[in-house]
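Position 348, counted from 1, in the sequence shown is what this note's numbering calls 1020; the numbers after and before it change by one each time, with no gaps.
Heads up, some of the hints might be wrong.
Pairwise CB distance ranges (calculated) [what the hints assert, rightly or not]:
no., residue 1, residue 2, range
1, 734, 1002, 37 to 43 Å
2, 720, 969, 54 to 60 Å
3, 1051, 909, 39 to 45 Å
4, 882, 719, 52 to 58 Å
5, 783, 1018, 29 to 35 Å
6, 939, 723, 50 to 56 Å
7, 1004, 816, 56 to 62 Å
8, 739, 883, 44 to 50 Å
9, 742, 874, 53 to 59 Å
10, 816, 980, 38 to 44 Å
11, 748, 849, 35 to 41 Å
Don't read these hints as lab results, they were simulated from the structure.
Values in this document were obtained by computation on a predicted structure and should not be read as measured data.
Every residue gets a Cβ at the ideal spot worked out from N, C-alpha and C, and that includes glycine.
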Amino acid sequence: MRKLSELCGLRFFRHLGKIFLPLALVSVAMTQPAPQTTPPPSQIDVRALFQQGESALRSGKLDEAERAFRSVLAANPQVAGAYANLGVIYMRRKQWQSALEMLRKAEHLAPTVAGVRLNIGLVYYRQDNFRAATSPFESVVRDAPASYQARYLLGLCYFLTERYADAVSALKPLWGQSSNQLNYLYVLGIAAGKAGRADLEQQALGRMAGIGQDSPEMHLLIGKAHINHEEYDDAVKELDLAVRGNERLPFVHFYLGWAYLKKQELDRAKIEFLKDVAIEPDVAYNYDQLGTINYLQQQDQEAEKNLRKALRLDPTLASSHYQLARVLQREGKLKEALVEIETAGKLDQTSSSIHYLRGQLLQRVGRTQEAKTEMETTTRMMNEQRSKRQKELYSSPLPNPELKQEPQ
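From just these sequences and the hints, can you work out the full model?
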């Protein structure tokens, strides 16, 4: 077997993000000066409404909590905690823009509350916008250097934007708390290697090999590394070992499905994705891949159903918009297909396949000059990327559903 550091190279670690780090949303209490005398009835009502909202939020009753916090703001629009908690509600619903608007208002009213800035960072992080997430996390770590979550997430943002020395600086102080976590060790190890810290690299990867040993989690990580190296038979072997150790290990069936799909074993891939759906029903990538399989098996109605489900869960999945456009094109729904492919193009501006399909659709609806421009763009992009071995079917990099888990 290859050395761990060779197998788990940059291409593997660049896309992993987090597996074992839960993302906790931070709710904010009502922060107003304590009254010196008996408060008027209106203030009592506001405090009672706020407490009702907090209770509903803790119980997961999001609609009830939203109504309560909206009522608080109707009575007093200066309550930062109400805006912050509305932000948390919208985050749980994955309504990212609304969440950001509420959190920015809370930040304006309460600039010293680190939890608000942590949630702002999480909004960007959950959308894979690691560069935008960096600044909020930096501000939290600056004000609260002992914040484990903020420091860990900041280190991951540095790592995922290839700021390796900064990643080491952020993550190394967490060794005492995190050196039993495989995810922490491999991110730190690879970042250290890229930053020229060979001693720390060997320390982290050695520790990773020592504690991982024959664990299901270790087999999952090695299996995913094999996938990134396009070694699909080896990936299946490792992932099967992971399943034997823990058949409900999050995402192990997803990666098995991915490996089988790459091996063109469509029925086996479908079985694995459905197994992962049973464990993680809200992971959009499963429906995205099921839709792709349905398309390849000429099951257009089922493909459309799964792809629309994926997009309800995550409207930013360019691959789902692309595959849905292909389904709609085959069904003759050209205008609908064009809407989907244009959305895909906005989300992923690097895919020649998206430009090619858009060119085809434009030609078929009679927009010939625009179609010609798209085909010229396709040719230029393919020439630029020729050394990277283009695929006939559009395929995004190996996705990381770990990053999309609902915060606990």
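Status of each hint after checking the structure:
| no. | hint | result |
| --- | --- | --- |
| 1 | 734 - 1002: 37 to 43 Å | 38 Å, holds |
| 2 | 720 - 969: 54 to 60 Å | 57 Å, holds |
| 3 | 1051 - 909: 39 to 45 Å | 40 Å, holds |
| 4 | 882 - 719: 52 to 58 Å | 53 Å, holds |
| 5 | 783 - 1018: 29 to 35 Å | 33 Å, holds |
| 6 | 939 - 723: 50 to 56 Å | 54 Å, holds |
| 7 | 1004 - 816: 56 to 62 Å | 57 Å, holds |
| 8 | 739 - 883: 44 to 50 Å | 48 Å, holds |
| 9 | 742 - 874: 53 to 59 Å | 55 Å, holds |
| 10 | 816 - 980: 38 to 44 Å | 42 Å, holds |
| 11 | 748 - 849: 35 to 41 Å | 40 Å, holds |
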